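> The residues making up each chain are set out below.
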Amino acid sequence: MYQLNKVDKKFPGVHALKAVDFKIGRGEIVGLIGENGAGKSTLMKVIYGAYQPDGGTVTVDGKTVRFQNPRQAMDHGIGMVFQEQSLITNLTVMENIFLGFERQFVRFGVINWTAMAEAARHQLRKVKLDIDPSTVTSKLSFAQRQLVELAKVLTLEERIDGDLVILLDEPTSVLAKEEVELLFSLVRELTSRASFIFVSHRMDEVMELSDRIYVMKDGEVVDVVAHDAANIDAIQHKMVGREVDKQYYREQKQRPYDGSKALVRFDRVGVAGKFNDISFDLHPGEVLCLVGTEGSGREAILRTIFGLEKPGTGTVEIKGRPFERTNAQEAVARGVGYVPRERKVEGIVNGMNVYENMTLSQMGNYASKGVLRIGEEKALAEEWIKRLSIKTPDVYKDCGGLSGGNQQKVVLAKWRSGGSDIFLLDHPTRGLDIGAKEDVYDMIREMCDDGAGIVLVADTLEEAIGLSHTILVLKDGKFQKRFAGPPGDKPSLYDLVHHMI
Amino acid sequence: MAKTLTADKAGTGFSIRRETLVKWAPLLVLIVLCAFFAVMEPRFLSTRNFARILIAASPALMVAIGVTFVIIMGSIDLSMEGTVSVCAVAFAFCFLWLGGTLASWAWLALPFAMLVGAVLGFVNGLIHVKLRIPSFMASLAMGFVGTGLAMVMTGGDRIRIEDALFRSLLTERILGFPLMVYVAGVFLLVAWFIQTRTTLGRNFYAVGGGEDLAIASGLNVNRVRVLGFTVAGVFFAVGALLAVGRIGIAETATGNNFMFLSITAVVVGGTALWGGVGGVWNTLVGVLIVFVIGNGMVVIGLPGYVQDGVLGILVILAVILSTDRKSISFVK
Amino acid sequence: MSVEKLKPYFPWITLTMLVLLVGAFNPSFLNPASLVQLVADIVPLFIMALGMTFAIYIGGIDLSMQQVANLVTVVATVYLVQYGIFVAVLCIGAGFAIGAISGWITTRQFVPSFVATLAMGFIALSGARFLSGERALSMNAEARDASFGWMFGNTAGVPHELAIAGLLLAVAWFLQTRTTFGRALKAVGAGELAAVASGLKVDRIKILAFALSGTFAAIAGLMFSVKLSGGDANLANGFLILAIVAVLVGGTPLTGGVGGVINTLVGTLIVVVIRSAMVYLDVDATKQQMIFGIILIVAIAMTIDRSKMRIVK
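Protein chains in written order, with our numbering: chain A, 2 to 502; chain B, 716 to 1047; chain C, 121 to 433.
Check the hints yourself; a few may be wrong.
With a cut-off of at most 25 Å between alpha-carbon atoms, the simulated DSS-like pairs for lysine-lysine come out as follows [what the hints assert, rightly or not]:
(1) A:345 to C:321
(2) A:129 to A:140
(3) B:845 to C:125
(4) A:398 to C:127
(5) C:321 to A:370
(6) A:11 to A:311
(7) A:345 to C:125
(8) A:218 to A:19
(9) A:262 to A:345
(10) A:392 to A:379
(11) A:140 to B:845
(12) A:46 to A:320
(13) A:320 to C:321
(14) A:19 to A:239
(15) A:379 to C:125
(16) C:321 to A:379
(17) A:311 to C:125
(18) A:392 to A:345
(19) B:845 to C:127
(20) A:476 to A:140
(21) A:46 to A:345
(22) A:379 to A:345
(23) A:392 to C:125
(24) A:11 to A:239
(25) A:218 to A:24
(26) A:239 to A:218
(27) C:407 to A:398
(28) C:125 to A:11
(29) A:479 to A:178
(30) A:218 to A:7
(31) A:46 to A:19
(32) A:11 to A:218
(33) C:127 to A:345
(34) A:476 to A:178
Quick caveat, the hints were computed from the structure, so don't treat them as lab data. In this text, all values refer to a predicted model and were calculated from it rather than measured experimentally.
Chain A with its partners taken away, still in its complex shape (with noise of 0.2 Å):
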């Protein structure tokens, strides 16, 4: 009933989607994976009426559409909930629900809160959802903001007098798992009323959950799968292109670390609601992984170890020596670089130069008494520019006008540059394509090489495994298990999880 014909759509300088086709029919889940950046969410946005397709056409029931905008893809019963939370937080779980669609209760100019209050309660109940309509938003877990969220895309049903095609986009990240189960028999329940597109990274909930599975790389659907035919490592194959094997995260170039010498220590370390009682060395050489699920307290020890956040108990040692004074100021001066995870806030400032990014952090080298050597800078940026092979016409390009990938390579620049030999990499890897990641992999071999430690947040579990001598499990803010994976003999992916959840 809906279908996608060869759509195509392009972007200054990248062809997001090749000729895609795509069709759901009435009550089918179809689950759709692929790498990041390949073309995923920009299918996405094109189903729901964000991004306007620059070739073929979209059909709803055999009528060609186009839709300018997602009010107007809702009107034909395509409906979205956002893998980001999309309640507006300081509302009532009933505007939200109704939101941009309260007239149906205004009479007169009034807005009658019992009628919206009771309808919310009706759309509530669809998602099994016991709560006052009335509350506001900001006091709901994020499992219940989840399902209010179905709930308000389900309102579509009394508006619509066609079918639903409702986009899941990674509903699961920020649940546990009894909450996913939970979604997964509701969203079974509902395709009596409705067709789901289901994404996710997760590939075991994409198999258990989907009736067909297309697969995506490099903006093109590469393979569509039944749910009896699907196989986990041919799906993995197709969506990277080649298998993932010890040549991707340069597992060949793992080299044993010095266990002689550690250069962060952590111990029994805990920062009030967020971990407690982790402890762990960092030693030169070292890919330490932190695992765990959102919430785990992963980010927590990276920001504890770049004196962000002041442990509450136990000692951090940089270098054989606690902080004097817990800021990022005296981190960065004792070599401690952080690659974060918003690369596009945290890691670089958008609106600065290639030079200027780079010597951010290390200011005082490039000035005397204050005065800064712009000239000095410059060779720098150009030095590293050559060494990374970052893509930029000049040291002049503001950064935020780079790809994702020489963003990351910059801001790797920015600390090694600086001599930093911690690294405390928060999903480095988040939203690269695929050869910017390996150009990552390298990047992490070579500063092990160099006696650098690195504490990563990987972007997937795969990753984890493939770059790290030595894995940390946490779940809820607790040290779960260690493993070691020297090269050959790494955990498997069932080891990690088994203890994550």
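Using the hints, position chains B and C against chain A.
Okay, now just chains B and C, sitting in the frame of chain A:
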């Protein structure tokens, strides 16, 4: 001017207490202030004195309520001085032209002034939204245009309104308070009604709470914005009418001092400049705090200059008290 | 050259067009001597706008500047006889301190600078009213000439005021473009979180930025006081809004990180040209304010770079 991150876990015991405290802090400050002045000088508590406070506060309250809606949207409106002046002058001309007394067709000047306010607000909103100029600059420039327009209309002269019926706003008292206080009260209720009972009022909160999300939900945010500035313009006009009613004169200077006064009051009342929280009751409390300080200082015989300093300190304290530091990553 | 590349020059283009336009209607406007005088007259405004640039450049705003200048006019007038030229130190110190306190309240107490500086302005006003005894004071003419007479001379046709403004501009420009402090300001304005994650002392930088704006406000107030030979708690009123307008028209947006002191120079000139053009073009005095507002909207609409604004609030 502030970036907020959503707090991870709301609803714990402490945060409820804190929320309650933050919610009632402005009112608490007001009560403490009143108690303080009353102890220092019992005459502060007299009806006469309260009437004095409320007379002075009424026009400012209307202006502050207008800007409250804009601030809830996360924008700001700095055009009030100009708008108030134009509305006051437009009212005066229209009123005198139509007969000069409320007992004739001249009463039409009242809705006319509000219409003028609405038009100015509408234009202000359009400039902001259509030309994509941040509201700070757009409304600031519109303020110049307004003040200038009032100057052109009056040629710098003062216009006296001597109609006894219109001046009864000030002269006629019920239970010791002049009519204008009741008029302000009625419009306060209207504002409260808009805030809680109309789609537009709720949409102000949606825009202030998360503009991108509101757009994604299919809300026509630009329309809400323009209407927000229009509503603000109407309330500025009501403020202008009360200001004229209070002193019986309409001139270019009628709007003077309203800008920082009203924004200070809104902030002291607990409406955050980054939008999404607060409302007209907060603004009422904020306006009262500002005027009680002014009045109380005089009543207990402190020199006028102390008043500014105390107000300044109080403004800072009010914002510190009502800010949940844990949910904010940085402030500019 | 594409439109994209031209964007940084929009304020310059606007200024040039304005000057040529006015010159075309009334060539006497372009007379160099009158132009110099025109510019010299607005030096205090320009200095205030320079200071404002620092606050806005980091994404904040300083609404206390006018009151700081007011306070300084009173301080300068009251203590001139006692301290002679060293009253300048007192004035500048006061400006620096008030700015630093505003900055501290903003960064450490999480009060938005709009409110913090507005409130600090009230407090400064309070001080000015107290110190002046709520009267307009006049300076001791002898002491004034002895200590600050040099401010208003002419050397080789260049008014000293202009030289002072030029010097301050040079200092501000050097600070902004050539020092680690200036670079840090830009980083804080354009991406505060990234600045934190790079280990910059963000709080200190922000406090210093506000202290600088306070300092410039004090310098402006001092010049104003000497120029008018007096002090009064309302002397500098009306300058705040003009200073903000000058910064914004110059192309330094309220969001920070873009623009800078040179933009402020252009912005101030645009404001002044618009204002004085109306005199040259014989615009009726009552209409000037309105026309100023309208031209302002047009100028802002033409000048501001919207490419980095995702949401316009």
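> Hints first: check each against the structure and report whether it holds.
Now the hints, each set against the structure:
Simply put, residue 345 (chain A) and residue 321 (chain C) have alpha-carbon atoms about 20 Å apart, close enough for the 25 Å limit, and the pair holds. A C-alpha spacing of about 18 Å is found between residue 129 (chain A) and residue 140 (chain A), which places the hinted pair at or below 25 Å, so the restraint holds. For the hint linking residue 845 (chain B) to residue 125 (chain C), the alpha-carbon distance of about 24 Å falls within 25 Å, and the restraint holds. A hinted pair counts as satisfied when its Cα atoms are at most 25 Å apart, and residue 398 (chain A) with residue 127 (chain C) qualifies at roughly 15 Å.
The suggested pairing of residue 321 (chain C) with residue 370 (chain A) holds, with an alpha-carbon distance near 17 Å, which does not exceed 25 Å. Proximity of residue 11 (chain A) to residue 311 (chain A) is assessed by CA-CA distance (about 46 Å); at most 25 Å being required, the pair is judged violated. The hinted pair formed by residue 345 (chain A) and residue 125 (chain C) meets the criterion: a straight-line CA distance of about 23 Å does not exceed 25 Å. For a cut-off of 25 Å, the pair hint linking residue 218 (chain A) to residue 19 (chain A) stands: about 10 Å separates their Cα positions.
At roughly 34 Å between alpha-carbon atoms, residue 262 (chain A) and residue 345 (chain A) are farther apart than 25 Å, so this suggested pair is violated. For a cut-off of 25 Å, the pair hint linking residue 392 (chain A) to residue 379 (chain A) stands: about 16 Å separates their Cα positions. Straight-line distance between C-alpha atoms of residue 140 (chain A) and residue 845 (chain B) comes to about 36 Å, which puts the hinted pair past the 25 Å bound. Restraint check for residue 46 (chain A) and residue 320 (chain A): not satisfied, since their Cα atoms lie roughly 48 Å apart, outside the 25 Å limit.
With a CA separation close to 22 Å, the supplied pair residue 320 (chain A) and residue 321 (chain C) stays within the 25 Å bound. Between the alpha carbons of residue 19 (chain A) and residue 239 (chain A) the distance comes to roughly 16 Å, so the proposed pair stays at or under 25 Å and holds. Proposed proximity of residue 379 (chain A) and residue 125 (chain C) is supported: the alpha carbons are some 22 Å apart, at most 25 Å. Taken as a hint, the residue 321 (chain C) and residue 379 (chain A) pair is honoured in the structure, with Cα atoms around 23 Å apart against an allowance of 25 Å.
Between residue 311 (chain A) and residue 125 (chain C), the direct Cα distance comes to roughly 46 Å. Violation of the 25 Å bound is thereby established for this hinted pair. Restraint check for residue 392 (chain A) and residue 345 (chain A): the C-alpha separation of about 17 Å stays at or below 25 Å, so the hint holds. Pair hint residue 845 (chain B) plus residue 127 (chain C) holds up; C-alpha atoms about 20 Å apart against a cutoff of 25 Å. The straight-line distance between the Cα atoms of residue 476 (chain A) and residue 140 (chain A) is roughly 24 Å, inside the 25 Å bound, and the hint therefore holds.
With a C-alpha separation of about 21 Å, the suggested pair residue 46 (chain A) and residue 345 (chain A) falls inside the 25 Å cut-off, and the hint holds. Simply put, residue 379 (chain A) and residue 345 (chain A) have alpha-carbon atoms about 22 Å apart, close enough for the 25 Å limit, and the pair holds. A distance of roughly 20 Å separates the Cα atoms of residue 392 (chain A) and residue 125 (chain C); the hinted pair therefore holds under the 25 Å criterion. The straight-line distance between the Cα atoms of residue 11 (chain A) and residue 239 (chain A) is roughly 23 Å, inside the 25 Å bound, and the hint therefore holds.
Taking the CA atoms of residue 218 (chain A) and residue 24 (chain A), the gap is near 17 Å; set against the 25 Å cutoff, the hint holds. Simply put, residue 239 (chain A) and residue 218 (chain A) have alpha-carbon atoms about 8 Å apart, close enough for the 25 Å limit, and the pair holds. Between residue 407 (chain C) and residue 398 (chain A) the CA atoms are separated by roughly 46 Å; this puts the pair beyond 25 Å, and the hint is violated. Restraint check for residue 125 (chain C) and residue 11 (chain A): the C-alpha separation of about 24 Å stays at or below 25 Å, so the hint holds.
Between residue 479 (chain A) and residue 178 (chain A) the CA atoms are separated by roughly 17 Å; this keeps the pair inside 25 Å, and the hint holds. Between residue 218 (chain A) and residue 7 (chain A) the CA atoms are separated by roughly 15 Å; this keeps the pair inside 25 Å, and the hint holds. Straight-line distance between C-alpha atoms of residue 46 (chain A) and residue 19 (chain A) comes to about 15 Å, which keeps the hinted pair within the 25 Å bound. A hinted pair counts as satisfied when its Cα atoms are at most 25 Å apart, and residue 11 (chain A) with residue 218 (chain A) qualifies at roughly 15 Å.
At roughly 23 Å between alpha-carbon atoms, residue 127 (chain C) and residue 345 (chain A) fall within 25 Å of each other, so this suggested pair holds. Taking the CA atoms of residue 476 (chain A) and residue 178 (chain A), the gap is about 12 Å. The hint holds against a cut of 25 Å.
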